[in-house]
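Enquirer: Keeping their order, the protein sequence lines are chains A and B.
Residues 2 to 85 (the working numbering) are what the first sequence spells out, left to right.
Residues 9 to 225 (the working numbering) are what the second sequence spells out, left to right.
These aren't lab readings, by the way, just hints derived from the structure by calculation.
Being a predicted model, the structure only gives us computed values, none of them experimental.
Any given hint could turn out to be false.
[Claimed, not checked] Just some of the chain B residues that point at chain A, by a computed CB distance under 7 Å:
# : residue
1 : 68
2 : 69
3 : 82
4 : 86
5 : 211
6 : 213
[Stated by the list, open to error] Pair ranges (Cβ atoms, derived):
#  : chain 1 : residue 1 : chain 2 : residue 2 : range
7  : B       : 34        : A       : 35        : 21 to 31 Å
8  : A       : 21        : B       : 193       : 28 to 38 Å
9  : B       : 170       : A       : 10        : 18 to 28 Å
10 : B       : 104       : A       : 21        : 14 to 24 Å
11 : A       : 21        : B       : 41        : 36 to 46 Å
12 : B       : 151       : A       : 10        : 36 to 46 Å
13 : B       : 138       : A       : 35        : 26 to 36 Å
14 : B       : 138       : A       : 21        : 38 to 48 Å
15 : A       : 35        : B       : 224       : 12 to 22 Å
16 : B       : 37        : A       : 35        : 16 to 26 Å
17 : B       : 105       : A       : 23        : 28 to 38 Å
From the three backbone atoms N, C-alpha and C, an ideal C-beta is built for every residue, glycine too.
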Amino acid sequence: MPEPSEDLVIASADLDQEMTLLDILDHVLNAGVVIRGSLVISLAGVDLVFLGLDVVLTSVETAMRHMKLPNVSAAEASSKGPPR
Amino acid sequence: MAVLAYCITETQPEITVPQGGVRGAAIEIVRVPDLQCFISQFDPQDVVGKAPLQEAALDFNRVLQDLLRQTAIIPFRFPTILTDETALSQFLTEHQEEYRQTLHRLRNCVQMEIQLKMQTSTQPQATSPKSGAEYLRGRQAQHQYIESIVARFREAAQHLAKDWRHHETVAGIRCFALVDRSDVQAFLRQMKGVSVPTESEPRVTGPWPASEFLKEQ
Chain A
2 MPEPSEDLVI ASADLDQEMT LLDILDHVLN AGVVIRGSLV ISLAGVDLVF LGLDVVLTSV
62 ETAMRHMKLP NVSAAEASSK GPPR
Chain B
9 MAVLAYCITE TQPEITVPQG GVRGAAIEIV RVPDLQCFIS QFDPQDVVGK APLQEAALDF
69 NRVLQDLLRQ TAIIPFRFPT ILTDETALSQ FLTEHQEEYR QTLHRLRNCV QMEIQLKMQT
129 STQPQATSPK SGAEYLRGRQ AQHQYIESIV ARFREAAQHL AKDWRHHETV AGIRCFALVD
189 RSDVQAFLRQ MKGVSVPTES EPRVTGPWPA SEFLKEQ
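Next up, chain B with everything else stripped away, as it sits in the complex (with noise of 0.2 Å):
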């Protein structure tokens, strides 16, 4: 039967298993040296032709956070459905040292975000550009704006996070600190009490599992 991948984590400590997945299902373990990976058998037919989308993806997120309270977790993206237990294994099985290693790396530690909208008002430049060269200027003064906000935040949190990531997207930016889940509170004060534009509706979220961090750079 297909199975429903939720997260990968390592075997030990010994983990309490969410009472319920996606669509109310059983969560089970499917486990290779050193790593398990929670899954729930899974109807294709039932959940494509029934269940609301994003009903599903709550329910698996809620499975995802149960987990995360209790250690380091290595999320897949919903809907990540295999054809069966032994694919899985497989799969494992071929990235367990990957795995492995990323999960000894992490432990400890949750994902924290900010993220800043950029609305035009409140970036330079905000005029229709005259030229190429102008446009450009406009948009390397952006940048750097951007940056300084940025900066703001990464000193705040300097003595808290363990590694820092951000990148622009469409609506604005985003940052990402890995934090040992002990500084949590702490990083949200410190987040707090930095000055930045209120234009910009800065927003904290989290802890999430460390997804930006599952790659060294």
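This is chain A alone, in the form it adopts within the complex (with noise of 0.2 Å):
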């Protein structure tokens, strides 16, 4: 039988116990509305389409080893090869 779950965490401002950054980026960049098309900016010079694409349809572990980057853009980060 299942013991209560006395190991459970609860995160939540609410209670005024704070989200880990897991919790919070997964949840900006994996969650909401997308917005797809023409209307998109791409700039000439700047990878944008590409690197907002890529945030975007990626999962967090692989936004995660971007931002582990110590400064590398993301832009710069996304050249090294597109996460899949």
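Both chains are sitting in their own frames, so use the hints and assemble them into the complex.
Expert: Listed below in structure tokens is the structure:
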């Protein structure tokens, strides 16, 4: 029989228990409305569309790998190879 | 100038605009009938080249949470960048009725999430299958095991959750409950009382924007 969930972790702003960085990044990068198509900006010389779609479509694990690179922008990190 | 879109809300009730957005940029409002969208003017060159993405994402979340405390929101994924306010207005106008109905349906609601990890040691049939049939039986048993745990949480939440969704992931299973914002504390107490295997590392987070419930099932 399972034991009572004494180990259950609650991370809620309502209880002044802060959510982890991973919780937050997971939600802002993987949840919400996605706009696709010509409305999204594309600037010459800046791989912004690639950056945007890259982050939106990738997993948090992959995004976190990029974020751990010190002093390397996301665009530069993306240029090292598209995460899948 | 390009704009970074945060989220969409109804125009009522009146909302206090957060002090600063991503990278301290001022937050502005783009309005269409019945809807408003919170944005910041955005210089892609600056942010792409210099700002750590993580820091910007945390700023983005802070804005969303600030607004969520005041009303229901439809968040954009970060980073959603549009060419200018005209492009955003066009997008909002095209989806105006859909978002108006969604925000009306989600009014006063927030999303709570339960994450359960399924480690190998907790899974039935953990040993390597000797045949395809054995593998499939193992998968079925594992699925039933996971569903039984989800059912306990769902039962505990049934009086508080207006809607419930869950789906399996590589790491385990994620459950989402749509809860009235006045019931968040009660929901958390209910979840605390659920008996589950400790190996599943149950974790409850929220309140979040109701992103999993934007589409009706």
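Enquirer: Give a verdict on every hint.
Expert: We went through each hint and held it up to the structure:
About 5 Å separates the beta-carbon of residue 68 of chain B from the nearest beta-carbon of chain A, less than 7 Å, and the hint is met. Interface restraint check for residue 69 of chain B: the shortest CB-CB distance to chain A comes to about 5 Å, inside 7 Å, so the restraint holds. Hint on residue 82 of chain B holds. Least Cβ distance to chain A is approximately 6 Å, under the 7 Å limit. Among the interface hints, the one on residue 86 of chain B holds; its C-beta lies about 4 Å from the nearest C-beta in chain A, closer than the 7 Å criterion.
Taking 7 Å as the C-beta contact cut-off toward chain A, the hint placing residue 211 of chain B at the interface holds, the least distance being around 5 Å. At its closest, the beta carbon of residue 213 of chain B sits 5 Å from a beta carbon of chain A; the interface hint therefore holds under the 7 Å criterion. Separation of residue 34 of chain B from residue 35 of chain A is about 25 Å and conforms to the stated range, judged on CB atoms against 21 to 31 Å. Between residue 21 of chain A and residue 193 of chain B the Cβ separation comes to about 21 Å, which falls outside the hinted range of 28 to 38 Å.
At roughly 24 Å, the beta carbons of residue 170 of chain B and residue 10 of chain A sit within the given window of 18 to 28 Å. Against the hinted window of 14 to 24 Å, the Cβ-Cβ separation of residue 104 of chain B and residue 21 of chain A comes to about 36 Å, which falls outside the hint. Taking the beta carbon of each, residue 21 of chain A and residue 41 of chain B are about 39 Å apart, inside 36 to 46 Å as hinted. Between residue 151 of chain B and residue 10 of chain A, the C-beta spacing of about 24 Å breaks the proposed range 36 to 46 Å.
The given range of 26 to 36 Å is broken by residue 138 of chain B and residue 35 of chain A, whose C-beta atoms sit roughly 43 Å from each other. Between residue 138 of chain B and residue 21 of chain A the CB atoms are about 40 Å apart, so this pair conforms to the stated range of 38 to 48 Å. With their beta carbons about 18 Å apart, residue 35 of chain A and residue 224 of chain B fall inside the hinted range of 12 to 22 Å. In this structure the supplied range 16 to 26 Å holds for residue 37 of chain B paired with residue 35 of chain A, their Cβ-Cβ distance being about 21 Å.
For the hinted restraint 28 to 38 Å between residue 105 of chain B and residue 23 of chain A, the CB-CB distance of approximately 36 Å keeps it satisfied.
Hint compliance for this structure: hints 8, 10, 12 and 13 are broken, all remaining hints hold.
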